[in-house]
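Asker: The chain contents come next:
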Amino acid sequence: MVGKIVKMSIAAGFASMGAIVSTPSFADGPISICLSLDKMSSPSRDGQVKLWRSEAKELGVKLMEQVAGEDAQRQAAQVDTCIAQGVAGIVSIPWDYEAVLQDIERAHAANIPFVTVDQAPAETDTVDFHTGADPYADGRNAARRLIALVGDKPTKVVDLQGALSHFNGQGRDKGFKDGIKDHANITLVAEIPTEWRPEPVLSGMENALQAHPDLGAVYSASDGLLPPVWSALKKANRYAKAGDPNHVIVLSIDGDPQGCQAVTEGYMDGGYAQPFAAMTRSALEAAINLSKGRKIESKDRVSLIPSLEYTPGTVAGMGNDVWGCVK
Amino acid sequence: MANSNQHRENFVYPSGLAHRERLGITLDALMSIFRYLPLLPVLIVCGILFSITIDGFATGPNLQNIMRQLPVVLVAVARETIVLLIGGIDLSIGATIGFSSICGAFVMHSTGSIALGLLTCVGTGLIIGALNGLGIAWARIQPFIMTFGMMLTVRALGFLLTGGRSVGRLPSALVHSGQMKMLGIPFVFLIGLAVAVVIGLVLGKTIFGQSIYLTGSNPRAAKFSGVDVTKITFKVYTLSGGLAGLAGFLFMMRLGAATPTAGDPLLLQIIGAAVLGGTLLSGGEGGMLRSFTGCLLIVVLNNCLEIMGAQFWDQMIVIGALLAVGSAMGTWLNRRRKME
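Just so you know, the sequences run in chain order A and B. Our numbering numbers the first residue of the first sequence as 2 and each following residue consecutively. Our numbering numbers the first residue of the second sequence as 6 and each following residue consecutively.
Worth flagging that the hints you see were computed from the coordinates, not collected in a lab. Since this is a predicted model, take the numbers as computed values, not measurements. Please note: incorrect hints may appear among the correct ones.
A few chain A residues that face chain B, going by a derived Cβ cut-off under 10 Å, partial list only [to be verified]: (1) M41; (2) S43; (3) D47; (4) A69; (5) A78; (6) D81; (7) T82; (8) Q86; (9) A89; (10) E99; (11) Q103; (12) E106; (13) I297.
Anything over 12 Å on all C-beta distances counts as not near chain A; from chain B, calculated [what the hints assert, rightly or not]: (14) R174; (15) G261; (16) G289; (17) C309; (18) L310.
In this text, a Cβ means the ideal position worked out from N, Cα and C, and glycines have one as well.
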C-alpha cells in the first residue's frame, strides 16, 4: 500500500514536469549567445564582461551570462543549460582546458558553435574559433624587460605563477623562465603557485622576503595578484618607487586598473595589457557569424593578439590602449 | 439522492473497507510517507511550480541535463550518508574524488584500459577510506580531525602528481560513454541510480545496514547487542572511500578529464543534500531514499537558478538557507516522531 503511494507520488512529480512542455526560451527574438565565464573574481574578468555587454548591445545580441566560480563541473552543467535553452552560440573562457573539450563536443552535437576566449582549450583544432593574447610571448617580453632593467647585476626574482592547469598560466610561466634562463645573474628564488588567487601570494611573498631581504624583482602572472605584493613589500619597507634604493622591480600581466595605477605612479616597472577590446569583439562577431552558417578558415581559427607593453615612461602617451587606464 | 450517497458511503468494497475509512487510511499513509520523506512534497510542488513558471525547465533536454548532473553528487552523497549514519563525518570526500580520478587517468593513459582505470579509482578510494577507518576506529582520532588531515594530504598528493594540471586525453570510449543515453536516459545517471539503490538495499535489508543504524543511534547499546562497533566503523569508512573513488570515475566520464580539485566544490552540496534529505548529523537516522531527495532538490534548484540567470553565489545563498531551514525542520519532525 505504502509502496504504491510512493510510486504514485514520484510519478505525479515527474508527470507534472513532463506534461507541460515549453519551447526553448530563445526560439524567437534577438540572437542569443551564451557567455560562459570561468570566474568573476578578478578585475580583468570584470573589464571583459563590461566590454562584452556594450558590444552585445551594439551588435543586437542577447547575452546569457553564466559564471562557473572556478568549478569545471559547474561550467559543464551551465554549458548544458545553455544548449538546452537553444542558444545560437557559446562564447567561453574555460576554467579547465581539458574538460572544456567535452563541452565543445556537446555543443557541436547540438549544432551550436563554440568559441573560446583568453584561455585556449587543450586542442585548439576542436573549437570553432579561439582568440586571446599570446601568454608565452607575454612571459618572454616580461623577461626581456627585466633583463633590460637589471643588465648584468645579480638579481633575485620571485615568480607568482597563475594556475598551471590553464593555457595562460602555463604559457606566462614558461615564457618568463625561457626568457631568463640564459642569464646567470638572474636567479629564481621562489615560485609561488597562486591558482590565480591572491591569498597564497601574501604568505609566499613574506616568506620570500624573509629568506631573501635583498630580493630584486617580482614577476606576476596577473595584476589581480598585485595587492598582496604591495602589502608584503610595505611590511618589509621595500614598497618604493623606481629610482629609490629600496625599489623592487615588479612586472605583471593584464593591464587592469590597479596595474595601470601602479605603473603610472612608478611602483611597477612594466605591464602587459591584454587586448580585451579586440578579443571580446572578435569572439562575439565570430560566434554570430558561425551561428549564421558562415565558416571560418582553418588558418584563421586561432587568433592570438599581442599584448601591449606599457611602462612608466610610455603609459601617459598610450591613451585608452591600456584598458585599465580608461577613465 | 441522499439514499444513493448513503449507499455509496456504506458500500463495502471487496477489501472490506467503507469509502470513508479507505480515504482515511490513504491520507494516513500519505502523511507517514511525507513524515519519512519530508522533501517529497517539496519536490512535487517545485516540479509543478518550475514547470509552469520557468521557461525551458520542463523540456526533454533540460531533464536530461538534470539527470547528467546527478550521478557524481548522488554517489558522493551515498558515501556521506553511510558515514553520517554511524555518527561520523568525512571531509576528505572532495579530495578523494580528485585524487582517485587522477590515479585512474594515469592508469588509463599507460594501459589504455578503462576497466583498470575503474579499478584504480575505486581501489584508491578504498585505500584512503581504510586509512580514515583505521585512524577513527582503532586510533580513536576524531573523525573531523582525521578526515580533515586526510583531505589536506590527499589534495597535496594530487597536486604533486600533476603539478596542478588537469589530466585529459582519456580513452574515447570512456568519454563517449559519459554522453551515452539509453532510452533517452543518460547512462551515467543509471549508474548513479544503481549505486544509490544498492546502498539503500544494503542499509535497509542487511545485517550490516542494521548494524550501521544501531552504531549511529547508540554505540553503547550496539556494543551490548553484539555489534562490533570498531569493525563497523572501519568498514563504513572503507566502503565510503570506495564510493568516492567511483564518484571520481563518474567525474571523468562526465568531464573527460581528471583534476586534483575535482571534488572540492562538492563538499557543501554533498553534506547539504544528506542533511536536507533528513539524515541526521548525530547519526542513527536517515537513509539513501532521504538523501536522494535532498540530492535531487539541490540539483533541480541549481538548474532552475541557472536557467533564471542567477549566479553561483546566488545558488550558494539558496542552498545555505535551505540547509538551515531543512535542518530545523528535520530536527522538529524527529522530535515529533519520538514523541509519537
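Asker: Work down the list of hints and note, for each, if the structure agrees.
Answerer: Hint by hint, here is what the structure shows:
1. With its C-beta approaching chain B no nearer than about 8 Å, M41 of chain A sits inside the 10 Å limit, and its interface hint holds.
2. With a least beta-carbon distance of about 15 Å to chain B, the hint placing S43 of chain A at the interface is violated under the 10 Å criterion.
3. The closest approach between the C-beta of D47 of chain A and any C-beta of chain B is roughly 13 Å, which is over the 10 Å cut-off, so the hint fails.
4. At its closest, the beta carbon of A69 of chain A sits 7 Å from a beta carbon of chain B; the interface hint therefore holds under the 10 Å criterion.
5. Annotation: interface hint on A78 of chain A holds; nearest CB of chain B at approximately 5 Å, less than 10 Å.
6. For D81 of chain A, the suggested interface contact is upheld, since its CB lies about 4 Å from the closest CB of chain B, less than 10 Å.
7. Contact between T82 of chain A and chain B, as hinted, is supported at the beta carbon level, the nearest pair being about 5 Å apart and thus within 10 Å.
8. Hint on Q86 of chain A holds. Least Cβ distance to chain B is approximately 5 Å, under the 10 Å limit.
9. For A89 of chain A, the interface hint is violated, since its Cβ never comes within 10 Å of a Cβ in chain B; the closest pair sits about 15 Å apart.
10. A least Cβ separation of about 3 Å between E99 of chain A and chain B falls short of the 10 Å threshold, and the interface hint therefore holds.
11. With 10 Å as the threshold, the beta carbon of Q103 of chain A comes within range of chain B, its nearest partner Cβ sitting at about 4 Å, so the hint holds.
12. Contact between E106 of chain A and chain B, as hinted, is supported at the beta carbon level, the nearest pair being about 7 Å apart and thus within 10 Å.
13. Violation of the interface hint for I297 of chain A is found here, the shortest Cβ-Cβ separation to chain B being roughly 24 Å, above the 10 Å cut-off.
14. The beta carbon of R174 of chain B sits about 8 Å from the closest Cβ of chain A, which is not more than 12 Å, so the claim that it is off the interface is violated.
15. For G261 of chain B, the condition that its CB be more than 12 Å from all CB atoms of chain A is violated, with the nearest at approximately 4 Å.
16. A cut-off of 12 Å between C-beta atoms confirms that G289 of chain B is not in contact with chain A; the least separation is 22 Å.
17. Look at C309 of chain B: its CB is around 10 Å from the nearest CB on chain A, not clear of 12 Å, so calling it non-interface is violated.
18. Under the 12 Å C-beta cut-off, the non-interface status given to L310 of chain B relative to chain A is violated; the minimum distance is some 10 Å.
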